[in-house]
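There are 2 protein chains.
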Amino acid sequence: MADGAGRKRRGGGRAGNAARRGGVVIEQMPWHPPINIDRPVEPLNEEGVAAVHEGAMQILEDIGIAILNPEALELFREAGCSIDGDVVRCSREFIMEMVGKAPDTFTLTPRNPDRQITVGGNTLLFGNVSSPPNYWDMEIGRKVPGTREMCRNLLKLTQYFNCIHFAGGYPVEPVDLHASVRHLDVLYDKLTLTDKVMHAYSLGKERVEDVMEMVRIAGGLTHEEFDATPRMYTNINSTSPLKHDYPMLDGWMRLARRGQGLVVTPFTLAGAMAPVTMAGAVTQSLAEGLIAIALAQYINPGCPCVIGTFTSNVDMKSGAPAFGTPEYMRATQMTGQLARFYGLPMRSSGVCAANVPDGQAMWETSNSLWAAVQSGTNMVYHAAGWLEGGLIASPEKFIMDCEVLQQIQRYMDPMICATGPDEIALDAIRAVGNTGHFFGIQHTQDRYETAFYQPFLSDWKNYEGWEVAGGIWTPERAHHLFKEIIASFEEPPMDVAIREELAAFVAKRKEEGGAPTDF
Amino acid sequence: MADGAGRKRRGGGRAGNAARRGGVVIEQMPWHPPINIDRPVEPLNEEGVAAVHEGAMQILEDIGIAILNPEALELFREAGCSIDGDVVRCSREFIMEMVGKAPDTFTLTPRNPDRQITVGGNTLLFGNVSSPPNYWDMEIGRKVPGTREMCRNLLKLTQYFNCIHFAGGYPVEPVDLHASVRHLDVLYDKLTLTDKVMHAYSLGKERVEDVMEMVRIAGGLTHEEFDATPRMYTNINSTSPLKHDYPMLDGWMRLARRGQGLVVTPFTLAGAMAPVTMAGAVTQSLAEGLIAIALAQYINPGCPCVIGTFTSNVDMKSGAPAFGTPEYMRATQMTGQLARFYGLPMRSSGVCAANVPDGQAMWETSNSLWAAVQSGTNMVYHAAGWLEGGLIASPEKFIMDCEVLQQIQRYMDPMICATGPDEIALDAIRAVGNTGHFFGIQHTQDRYETAFYQPFLSDWKNYEGWEVAGGIWTPERAHHLFKEIIASFEEPPMDVAIREELAAFVAKRKEEGGAPTDF
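Protein chains in written order, with the numbering used here: chain A, 1 to 519; chain B, 1 to 519.
Treat the hints as calculated values from the structure; they're not laboratory data.
Just so we're clear, the structure is a prediction, and the values are computed from it rather than from any experiment.
Careful, some of the hints might be misleading.
A pair counts as met if it fits within one copy or between any two copies, since identical chains are not told apart.
Claimed, not checked - When the alpha-carbon atoms are kept at most 20 Å apart in a straight line, the in silico EDC-like pairs for lysine to aspartate or glutamate are as follows: (1) Lys243 with Asp189; (2) Lys317 with Glu464; (3) Lys508 with Asp189; (4) Lys243 with Asp427; (5) Lys317 with Asp459; (6) Lys317 with Glu467; (7) Lys317 with Glu27; (8) Lys205 with Glu512; (9) Lys317 with Glu449; (10) Lys461 with Asp315; (11) Lys461 with Glu449; (12) Lys508 with Asp459; (13) Lys510 with Asp38; (14) Lys243 with Glu464; (15) Lys510 with Glu500; (16) Lys508 with Glu47.
Can you make the complete structure from the sequences, with help from the hints?
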């Protein structure tokens, strides 16, 4: 494998050609967020849905959720909820009334309006891996802390692949940037290297406000224009069990007031931060999510909210988290049923526990991506590039995952299953009869260029052809593509004045010291 | 990777321990063929199903199927079908009347009655890879022709894994055995190394009759007992487009007369042996399958039949077959809808185009296995061990696939989604509140041993733990397990007298020259 890579790099060939062609390294599918045409998989019957809902309501009414944010506590008090120390208990009437105000569908519009995405309904959106502190690639061959360069490279992949529809959190944490200014540099990179929907970490008011301001500047928007429609989003995690922390809620409320996208994703590992039973873990996750959504709707009725799920389980022998398991799949499907019950868009993830981009990585990731499809998920976080339970970002894994994402996009093309006379093709079958083949006939010639999914990474050659081409395993092939894509990457266009304004904002905020780092 | 393997082999440790423990290399799930509790994915609406059915009927009525077997032709003539040379045209009334006689569910009972399987309904059965001419493992590191030893080793895996429910064709073609006696030696190996349901290739009357006789002997059965209920099965492929060859139909009719299992699986690659449109390829495949089933029902009404699908597509650039693609998934789902329309059990496969057991192999295989689930497939051929579009069998791939199969088995456990009070677990949630965790509480303690899927191959350690353990990628871990399983394998019990009778039969038939090899 290493030899194959070496030969390829020394030879230069494809990478050089690609660069000369101006960025066309692979033929990929066009930008076209898939519409999920499959009926969701529903493991719960009506009574099951009712039991989970009832459980979530009882948690909210009787057990309560700790809200470690005085401003949020005060809002719950004002709304008539019961406050006991920092524990909030809400009636189901309040929760359901508030949740009922959330739209079932909304748009997110980035600086390039052609990259607008619709969240909700049957739309299936994929985002890059977010937030791993570490990085792994085939050339380095080991786990290393993330850097700005690695982060920039993964952002280039995020922009490059049409099957990635939004830019989630930092695709790897650039720990070579000081935490006080990291958000400024990375957002500058994100906004210049990509033109897709942006995300802000809810990790302190300065960070949130800076990101909103940078997104506004990059879009060439007035404050009024920014506030008029969702331009970006945040994702918050509860501190399970049953707790929301200060900074997450602070960011949540800031974006709620400005009508920006709000995703709440409890991280409920069954057996650790949630009950060992999957329905219990799902129930708890929903309660934690619903109270945040109720808060947002109380602040700004109709603001765009998404209920997320990150319910998996731990290995009870070691305590290690497990991902892409049967339990993960069922929990995601159950959450999907309840998301539809509440009329909320849903987020889930592409996940695996594997440490390297091998077979295990792909069966775990496939399980989680198909669970996203089966659950009716709208936003798939970490859809490309995640390893080691989210502790490692890998460009090879990113590219391998994109091959799977493209296949899901193609899978959702209703034309595959068209059954008109041209598709049943009796005339062609009659013409070929029982002695010929279909390669050369007109029916085939008219369709062969678009009839089937064309992979960019899968190698469909036979063994001998594959061997002659170097006998290169999938992650090594992905590594070659990674190098070629980075070498030929072209930034999306940005007005010079806007770029300068963005740079000036970053410089000013750095001078001011950026954000406090005492979190 | 190679270093890791070397250390492990030199150290001996686990393999030696396993052998001493008497065959317990891994903790695997018990024998329990999954019941598919998911609603099938149905890409066709009612009109779509009707259009495909109508197309299949028009093929059978108007275009006709070549039947290259005089005996079968005579039977169709006797049944009132139109015969034009070797092309048979059947009325839809005849086809539907005959197909209506086939049972929707039947059992197959091997020599060990505890391994009886039910084909049909919601049962999901997995079989080993069948018929690759070549073999690949990590130690050899290249593609080589199959041998009896390789075949025996793969049969040991077939027996070892509880998630493999039937022994399909030869898991690799042992080309070191002369073709005239190959079936005798391999069936002897199959019947002594495994106690699961057997298969006979329909490749000449001597082979078919020999296998039926050996299965009868191994089961300690009289001829009457053998005929009384299905003990084994054959699988035939049409020669698409629109043709059934002599030996396949010969074997088909022999098993039909004795009431044994019958699976017909057209191999319809869209764009090559079938229309480039997936619905057309499915329609043609169904027509080819239905005429064989009609023949079997005419011969022996009520005999057990299964309709198979092997509809995929070719890469239109190279002509190479593609597997586990979006088109493959949809074709399998469409076929499932029609199988239910006809009231027939269904067969599909676990497939990939990849040449080595890497990421591509697992996303393609995962796609095909989940398509089997989504289509309501009953028998999944090639569920473990297949590479290179079926041209290579690999023990590492076999073991990797079994990890996925076990996960599907676990996924179908309705307990994952139980929503009783114990599972919603409000008491546990209340007890832990917002400050603790669920590791130590009684609700967890009572359930932790069985709460979650336990993998035998997936490595859930964090990167550092994985690195300390050798940093071994999935196929290499599978290779270690392969060696350990083979080293500690114990044959299933067989009565000494039966074994002697079987050996004597093989010796006698070899003396007689076995089977002709002029096919």
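Structure-inconsistent hints, enumerated in ascending order: Hints 1, 12, 13, 14, 16 not satisfied by this model.
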